[in-house]
Amino acid sequence: MTKVLDVQDLSVTFALHESEVRAVNNLNFSLEAGETLAVVGESGSGKSQAFLSIMGLLAKNGSTSGKAMLGDVNLVGMEKSKLDRIRGKDIAMIFQDPMTSLNPSLKVKTQLAEVLVKHRGFDQRQAEKTAVEMLERVGIPEPAKRANAYPHEMSGGMRQRVMIAMALLCQPKILIADEPTTALDVTVQAQMLDLFKTLTDDFGTSLVIITHDLGVVAGVADRMMVMYGGRAVETGNVDELFYDPRHPYTLGLLHSTPHIAKRAERLDPIQGLPPSLEHLPKGCSFNPRCAFCFDRCLEERPPLAPVEPGSTRQKACFYEGPLKYGKVA
Amino acid sequence: MLSYAFRRVLSAIPIALIAVTICFFILRLAPGGPFDGERALPPTVLANLRAHYNLDQPLITQYFLYIGRLLQGDLGPSMVIDGFNVSDLIRIGFPFTLTMALSAFVIATVIGLLAGMIAAVNQNKWPDYILVLAVMLGVVVPNFLMAALLQLWFGVYLGWLPAGGWVTGSIAHLVLPVTVLAWPHAARISRLMRGSMIEVLGTNYVRTARSKGLGERLVLARHAIKPALLPVVSYLGPGLSYLLTGSLAVEQIFGLPGIGKYFVQAALNRDYGIVLGTTILYMFIILALNLIVDLIYAWLDPKVRYR
Numbered sequence: 001m002t003k004v005l006d007v008q009d010l011s012v013t014f015a016l017h018e019s020e021v022r023a024v025n026n027l028n029f030s031l032e033a034g035e036t037l038a039v040v041g042e043s044g045s046g047k048s049q050a051f052l053s054i055m056g057l058l059a060k061n062g063s064t065s066g067k068a069m070l071g072d073v074n075l076v077g078m079e080k081s082k083l084d085r086i087r088g089k090d091i092a093m094i095f096q097d098p099m100t101s102l103n104p105s106l107k108v109k110t111q112l113a114e115v116l117v118k119h120r121g122f123d124q125r126q127a128e129k130t131a132v133e134m135l136e137r138v139g140i141p142e143p144a145k146r147a148n149a150y151p152h153e154m155s156g157g158m159r160q161r162v163m164i165a166m167a168l169l170c171q172p173k174i175l176i177a178d179e180p181t182t183a184l185d186v187t188v189q190a191q192m193l194d195l196f197k198t199l200t201d202d203f204g205t206s207l208v209i210i211t212h213d214l215g216v217v218a219g220v221a222d223r224m225m226v227m228y229g230g231r232a233v234e235t236g237n238v239d240e241l242f243y244d245p246r247h248p249y250t251l252g253l254l255h256s257t258p259h260i261a262k263r264a265e266r267l268d269p270i271q272g273l274p275p276s277l278e279h280l281p282k283g284c285s286f287n288p289r290c291a292f293c294f295d296r297c298l299e300e301r302p303p304l305a306p307v308e309p310g311s312t313r314q315k316a317c318f319y320e321g322p323l324k325y326g327k328v329a
Numbered sequence: 001m002l003s004y005a006f007r008r009v010l011s012a013i014p015i016a017l018i019a020v021t022i023c024f025f026i027l028r029l030a031p032g033g034p035f036d037g038e039r040a041l042p043p044t045v046l047a048n049l050r051a052h053y054n055l056d057q058p059l060i061t062q063y064f065l066y067i068g069r070l071l072q073g074d075l076g077p078s079m080v081i082d083g084f085n086v087s088d089l090i091r092i093g094f095p096f097t098l099t100m101a102l103s104a105f106v107i108a109t110v111i112g113l114l115a116g117m118i119a120a121v122n123q124n125k126w127p128d129y130i131l132v133l134a135v136m137l138g139v140v141v142p143n144f145l146m147a148a149l150l151q152l153w154f155g156v157y158l159g160w161l162p163a164g165g166w167v168t169g170s171i172a173h174l175v176l177p178v179t180v181l182a183w184p185h186a187a188r189i190s191r192l193m194r195g196s197m198i199e200v201l202g203t204n205y206v207r208t209a210r211s212k213g214l215g216e217r218l219v220l221a222r223h224a225i226k227p228a229l230l231p232v233v234s235y236l237g238p239g240l241s242y243l244l245t246g247s248l249a250v251e252q253i254f255g256l257p258g259i260g261k262y263f264v265q266a267a268l269n270r271d272y273g274i275v276l277g278t279t280i281l282y283m284f285i286i287l288a289l290n291l292i293v294d295l296i297y298a299w300l301d302p303k304v305r306y307r
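Protein chains in written order, with my numbering: chain H, 1 to 329; chain U, 1 to 307.
Note that these hints are calculated values from the structure, not bench results.
Watch out, some of these pointers could steer you wrong.
What the hints assert, rightly or not - In silico EDC-like links for lysine to aspartate or glutamate, alpha-carbon gap of 20 Å or less:
hint : chain 1 : residue 1 : chain 2 : residue 2
1    : H       : K118      : U       : D128
2    : U       : K226      : U       : E216
3    : H       : K60       : U       : D128
4    : U       : K226      : H       : E153
5    : H       : K89       : U       : E216
6    : H       : K60       : U       : D56
7    : U       : K303      : H       : E153
Here chain U stands alone, though its shape is the one from the complex (with noise of 0.2 Å):
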């Protein structure tokens, strides 16, 4: 097992290079650059900004000092909002931001997995029909819509709860943007628990159980509930990532001090050091999530391990 987590650490080096280069260069196809503005910069000071950024050197140069300076632990400057760099920008957005979609994470898995039994257990009755619809509106509707649609039902109709912004240490602001990152996180999760819950019910080994005169809830306990997961394992990955991706969105539709609210602007204003950035920092989060979910999975299916 511990040879099998080294293994897997040591693969993921080649990737996060490659991931870096790609986001690199990719970022520089697009059209622009970080002083475009209405007000066109005198040259002089359009050059001089340039040098100081390094955007005077060829693209291949700037890579390796980019490079560079990553392996020491920077993750490169603002070129926008000056004094401002990415370690900033991480101090004082990732932790509201790491909140919300952990507890949006949390909350997701845990509805999505129960939801996700009772429905394969009740195949083709009410609470299976039930489950469908939840997922199907997940899915379906964006999360910016979903975002307006409830923040005018439960914000201003009803009045229940803030339509938006931030109050220190108050739940109540978070509730509707939870929701919104949390709804189709959970409605896949159950989806998948739902379809590998029922081929595991259907298995050998389950009527195996079942002959053994276990009793339901020992069968589904022990024999079903644990290999019906690997599928759902292999998406909590995926599916955090998404969700730290996702409430960029919702943190600007709310109006929530997370990375979103720097990150977009930022990506409007083709500030390279700030996008590039938080890129970097979001694949290194994945690539760390995908490892954890590896290991899980190794220790759900005891044939990963000797590959």
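With the rest of the complex left out, here is chain H (with noise of 0.2 Å):
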């Protein structure tokens, strides 16, 4: 397999008035040619951000450290003249908010050609035409009517297909899904699900799906990896992790989802509040809301690691015995 993105100690720190926040922290991961990684953590982990950053969209006053090499050039610090002629044609991204991710006030069909106007060097006739086939292809009824639509004439779902389209028209070679269902009603959600896994395999793009949901997780995902913190704590393939997880915070995740086969009691959230970015705790950043949390985790970080030598999943916990969840009191 080949690697299309190689991340390599990326941090993200925002300066504020006074001090700092760090909302990624030496985070290393990389994607494969076609497939699909989920990136999980809760509100806070720095998932979005992380993935923001490697896209040049941190606001102002954020800064960016590391290495995000796509192919063999780094995206980090990265001239913005430079950065503009590779996103949006071989890294594309998707947003949480379909309905204020598309202007309101130019037409849809605008808004996709000018992608192929600057990237492919197409005039504007062929450029609306291919933009109204691909409106075809992510699923929108009459899309040579619809073009000519200004976003708010549409629904929900049907502008997040509109930004699926938009994102996917220079064939990307990777797609970043930031929370892409978490505005939409559960049935679009399925449908856009089947969309992505459809679309990208068509096109060859790896896809990076950025989540708190783990029933998106494990509808489409190959790989996953759990950050917490602003660290990757855990990760490898979606069944490993979801039947067997490592790490505590791992575990925790998955029992605070409902599950649709077990009776609907109340659901065991996760004890504590994610923590403060500014004020990291010392040693593992979860341990005040671990259950298996022992002298070292106060003192120490751990790495991420494998969990086995020469395994591919790797974790980031000292703790080795069992993970039972009937531990947690």
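Two chains, two separate frames, one set of hints: put the complex together.
Structure below.
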């Protein structure tokens, strides 16, 4: 397998008036061609900021260090004018809220066609024609007519389809979808995930889905990376992580998900709150909430390392005993 | 879009009527009348004058007489200057006032929009700070003071420009009055534009546009400016009417031959005819401007057209 994206030691910090927030800390991961990677974590785990930083879309007070190699070019710290030749073409992104992510004052076809004009050098007419074809591909009925519509004339699901069409126009190597289904109805969510799967398979695009919905992960992803406090705490194949989690946080996430086959009782949430990124706890960031925490966790930060020598699964935890949730009081 | 325009025009009619009514009665509330001078007129002369202008009739009759004439396009006579009526005044003074207000409007709008955009893109850097200073001066210093200061510096001390008066066709005579008029207008527009541009630059759709690799220039030109213009456009109509009314005072200060000279005099004399006629003229201009603004709004924001 070839790596399309190799992220090494990526850190994102935001400067505040008196202090700084470290949203992402020394993140390492890679993305294989054609695979689907799910990035999972609760709000504030740095999962969105990590990818916004790769796309050069951080807020003004944010800064990035480390490397994000797309082939042999490093996207981190790249000049905006150079980056603009890559983003939208080789690496594209879809955002959480389709209601506000399209420009309300421009027709849909304008917003689609400009991508092709910019990256493919199409003339306007050619670009609009291709845009309409793409709209048809993402399942928009009467695409020629809808292309002339403004975003407010479309439903949320429809707009998210437009966003998908827009992101895939140049058949990018990588598509990053930041909580693409969170703002949608459950029925539409399922359709949208199917669409992602089909289209990224057709184009050979690697997909990164950033989500906190484990149902989404189970539905589409090959691999997953669990993030906590701006760090990856566990990575591996989806099946392995779901059936045999090795990090207490992954276990907690799985336990706090409702299950259709179980009786509906009170959900079992992870106790406590996510850590403040301004003042991360000493040692393992998860230690205040961890039921398996012992002395070493309070002093040392566990590195992300293979669970067994030679394994592709990685975890960042010192605890080696059996993880059973019954242990939690 | 056409039916939207038609509906907007229709809705302006009752507004115009209400405004005329209010102006008519408020003016009559003010103490004094057109014929009260330092020297009292003989009673018979006064009675004849009052009869001539229908001032002896009940107020409500006068009102309907006035509306009747207005509907025929007659804005009424001056009650102080014999043989002079509002139409004469408009013919003589209005072209000048309009030219001045419009040039101030165009200059101020262009400068204001550009300055606002530059400040927004350079938020909290030195171009932004310079703008804030210029805006403060424009908004805080009243036009009569600004006029006097500029006359003093550029007209008297430096002697670069004439401090007042008018020579037909001379642009130099217009520079100071237009600056005094345009400054506060440019200040307000740039402040609005800066604010809305900063807001738009932080929206999700601008982030989407950036993520497409369009380049900052295209992101600004195509994705940010149009939505950012919305609040500015809604200010342009009232803004131009401020300029037109503001020019009344500025004309007076600089001794320019616009409507202002007559209007200020007429207001002091309680010349009902001129004051009411001019006010109504301005009201129609403001209504028309607001109408135009609404239409531009509908073009900028497609959602408006369906309301």
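Each hint tested on the structure:
Between K118 of chain H and D128 of chain U, the direct Cα distance comes to roughly 31 Å. Violation of the 20 Å bound is thereby established for this hinted pair. The hinted pair formed by K226 of chain U and E216 of chain U meets the criterion: a straight-line CA distance of about 15 Å does not exceed 20 Å. Distance check on the hinted pair: K60 of chain H and D128 of chain U sit about 16 Å apart at the alpha-carbon level, within 20 Å; holds. Pair hint K226 of chain U plus E153 of chain H holds up; C-alpha atoms about 19 Å apart against a cutoff of 20 Å.
Of the pairs offered as hints, the one joining K89 of chain H and E216 of chain U holds, with about 16 Å between alpha carbons and a cut-off of 20 Å not exceeded. A distance of roughly 71 Å separates the Cα atoms of K60 of chain H and D56 of chain U; the hinted pair therefore is violated under the 20 Å criterion. At roughly 9 Å between alpha-carbon atoms, K303 of chain U and E153 of chain H fall within 20 Å of each other, so this suggested pair holds.
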